[in-house]
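Visitor: Go ahead and model the full structure; you've got the sequences and the hints to work with.
First to last, the sequence lines map onto chains A and B. Per this note's numbering, the very first residue in the first sequence carries number 1; after that it's consecutive. Per this note's numbering, the very first residue in the second sequence carries number 1001; after that it's consecutive.
Since the hints were made in silico from the structure, they are not lab data. Mixed in with the good hints, there may be bad ones.
What the hints assert, rightly or not - Dumping the calculated DSBU-like pairs for lysine-lysine here, alpha-carbon to alpha-carbon at most 30 Å: (1) A/Lys75 x A/Lys171; (2) B/Lys1121 x A/Lys16; (3) B/Lys1121 x A/Lys306; (4) A/Lys219 x B/Lys1026; (5) B/Lys1237 x A/Lys306; (6) A/Lys159 x A/Lys171; (7) B/Lys1148 x B/Lys1026; (8) A/Lys80 x A/Lys172; (9) A/Lys71 x A/Lys60; (10) B/Lys1124 x A/Lys16; (11) A/Lys159 x A/Lys172; (12) B/Lys1148 x A/Lys60; (13) A/Lys16 x A/Lys80; (14) A/Lys307 x B/Lys1124; (15) B/Lys1148 x A/Lys75.
What the hints assert, rightly or not - If you want the ones that stay clear, here's a sample from chain B, every Cβ over 12 Å from chain A, calculated: (16) Ala1085; (17) Ala1095; (18) Val1202.
Claimed, not checked - Distance ranges between label pairs, derived from CB positions: (19) A/Trp63 x B/Cys1103: 17 to 25 Å; (20) B/Val1092 x A/Trp221: 31 to 39 Å; (21) B/Phe1136 x A/Glu74: 21 to 29 Å; (22) B/Phe1073 x A/Arg229: 49 to 57 Å; (23) A/Trp63 x B/Asn1250: 37 to 45 Å; (24) B/Phe1132 x A/Ala214: 26 to 34 Å.
We treat Cβ as the ideally placed atom computed from N, Cα and C, and that holds for glycine.
Read off the chains here:
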Amino acid sequence: MSSKSAVQQSPRSASKFGSYLRRTWPLYVMLVLPIAFFVIFRYLPMTNIVMAFKDYNMFKGVWQSDWAGFKWFEKAFASKDFWTSLRNTIMLNFLDLLIGFPAPIILAILLNEVVFYRFKRVTQTVVYLPHFLSWIIISGMAFQLLAPSSGVINQFLVKLGASPVEFLGDKKLWVCTYVVLGLWKEVGWNAIIYLAAISGINTELYEAAEIDGAGRFRKIWHVTLPGIRSTIIVLLVMNLGRILGIEFDRPYSLQNTSVMDVADVISTYVYRVGIRGLQFSLTAAVGLFQSVVCVIFLLTANAIAKKFGERGIW
Amino acid sequence: MNTARNTQLAEILMETERRRRTSRLKTGDYVIAAICVFLIIIYLAPFLNIIARSLSSPNALVNNRVAFWPVDFTLDSYVYVFSDAAFSRSLVFTAILTAICTCVSMTMTILAAYPLVYDLKGGKFINLMIIFTMYFSAGTIPNYLLMKQLNLLDNPLVLILPNCLSVFNMIILRSFFFNIPDSLRESAELDGAGPVRILMNVYLPLSGPVLATLALFYAVGRWNGFSDALMYITNIKYQPIQLKLWQIINNRQSIEIASQEGFTTPAASEGLKAASVMFATVPILVVYPWLQRYFIAGVTIGAVKG
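Guide: What follows is the structure, given as structure tokens:
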């Protein structure tokens, strides 16, 4: 069809274009479904973002509803719950970063130092596993393990003469539990990328260091760590870029009413107030605020990562 | 096949390396081994605990006698959970859903990744359009409204279509395709093969491991999927296993038959919760060996090549 209009313009380029199309049309046909997917399920919902600036009325629909300007943003910024969820999002992500970021590096170096090959394989198999379990499963296991009276950890504490601990009912302990469970689930998976980076280090460097009389720690400090430095920097920057984004399943599955002050994050706030509470415009405004800030952070992070001579995320 | 041989080769190399090294083992090596044992215990203990609880009698659970080994061994919890019509239907539904989702997703991923290997006119734009969605998404509420507008709420299709193509997986497959030498494609083209034949006869047969990895990623993702079901599905017929499990764990729903049989005391229902968790976990454990065989290669390609 488009080749026809090209024919009228210039016969020569048209025949070229025609043969190009004859060769490649199946490829364009293949792309139809994926493009339809992106248009319908990724770009079409973006038109609904407009509801953040409207008084959304379920019966009128998004486009027929009245304009509200920045009313919902003002409302969100004036609401205590929004600030609590924003603060919690940043706090939980920051703690995750503080503990969850160095841990996989340490684990990767540790695994790299294991001389018993089969032993290393078993450890890897075991620590990668939780990554593939859902947060619902992990929370189910955690509830049983950490329950105040019947959980095995508290049974053990009681036997030692201590009083039982409310791991998921006390606010401070909830935060700790949240971070530790995240660490337990993802540390192995996150170590893979460092292990790959370590395996790329030239083994001659280790041999040279050995000849110079370097022990285990000196080899780690002078060979391994410099070898994975760029990976560490890029991942750190990218993680910082994601500080405002938070998954839904993890906080939601661990939350309970007594810890909402520290456990309510943006994603769960949007679900609770928006979909359950039907305040669509308000939470769409919150979601838009989060998305925009996230994009700015991510693009900045990606640019910084590229500055370090790396390729960013892609 | 090639990967299998390579792993074998690597194993032999590592083994000789080990022999060379064990001749001068230091105390540090034992300390590291001890740390590994500690790690393995930390990772296996929660599993042992939940298995033990699922296999113990309610009486033993009430009296807090269960730690890491079943007490008064019984399969009652499993029998009760499985004979609950809603739960077993949810298991079957999720299994079928996972199979369909994996097929749809793999088709879509191949359809998206393969054409972008060619230097297509407009390919740059399409690529940009895809990458943009990794940075910016509409958000929970606009997505929810779209599902409502498309009449997909409470429709099982809502668990298949909206996430049937992962950009991340697409990039992994595409970079794998990029690594297949152009000369193979060109010689096939000289033989008169079109893009479709080249895909079927050259690219796909060479991509076995990466296709397996991605299929398992999609399958595990769907099996573990929770939030979409929570938001879009209220009809009990279409509740996937994670949603069901969440309701059981949080006492929003109980196992019907069991509560009729007097499993209502809190500690006794703990055994049922443990068994429910196991039902959702076991399928993952079953595919895990295959998963583990391939995912490391998949992840590193995705991370390094992008």
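Visitor: Does A/Lys171 lie within 30 Å of A/Lys159 when you go C-alpha to C-alpha?
Guide: 25 Å, holds
Visitor: Taking the CB of B/Phe1073 and the CB of A/Arg229, does the distance hold inside 49 to 57 Å?
Guide: 53 Å, holds
Visitor: With a cut-off of 30 Å on the C-alpha distance, tell me whether B/Lys1148 and A/Lys60 pass.
Guide: 14 Å, holds
Visitor: Should the label of B/Ala1095 as a non-interface residue stand, given a Cβ cut-off of 12 Å to chain A?
Guide: Correct as stated: the minimum Cβ-Cβ distance to chain A is 15 Å, above 12 Å.
Visitor: Below or equal to 30 Å on CA atoms is what counts here, so check B/Lys1148 against B/Lys1026.
Guide: 65 Å, violated
Visitor: Quick one: are B/Phe1136 and A/Glu74 within 21 to 29 Å, going by C-beta?
Guide: 23 Å, holds
Visitor: Given the hinted pair A/Lys80 and A/Lys172, is their Cα-Cα distance within 30 Å?
Guide: 20 Å, holds
Visitor: Would the hint linking A/Lys16 and A/Lys80 be met if the CA-CA limit is 30 Å?
Guide: 64 Å, violated
Visitor: Could one say that the CB atoms of B/Phe1132 and A/Ala214 fall in the range 26 to 34 Å?
Guide: 48 Å, violated
Visitor: Compare the distance between the alpha carbons of A/Lys71 and A/Lys60 with 30 Å, and conclude whether the hinted pair is satisfied.
Guide: Holds, because 19 Å separates the two Cα atoms, which is no more than 30 Å.
Visitor: If we take the beta carbon of B/Val1202, is the closest beta carbon in chain A still more than 12 Å away?
Guide: Its Cβ never comes within 12 Å of chain A, the nearest being 14 Å, so this holds.
Visitor: With 12 Å as the threshold, tell me whether B/Ala1085 passes as away from chain A on beta-carbon distances.
Guide: The claim stands: B/Ala1085 keeps its Cβ more than 12 Å from every Cβ of chain A (closest is about 21 Å).
Hint check: violations occur at hints 5, 7, 13, 19, 20, 24; the rest are consistent with the structure.
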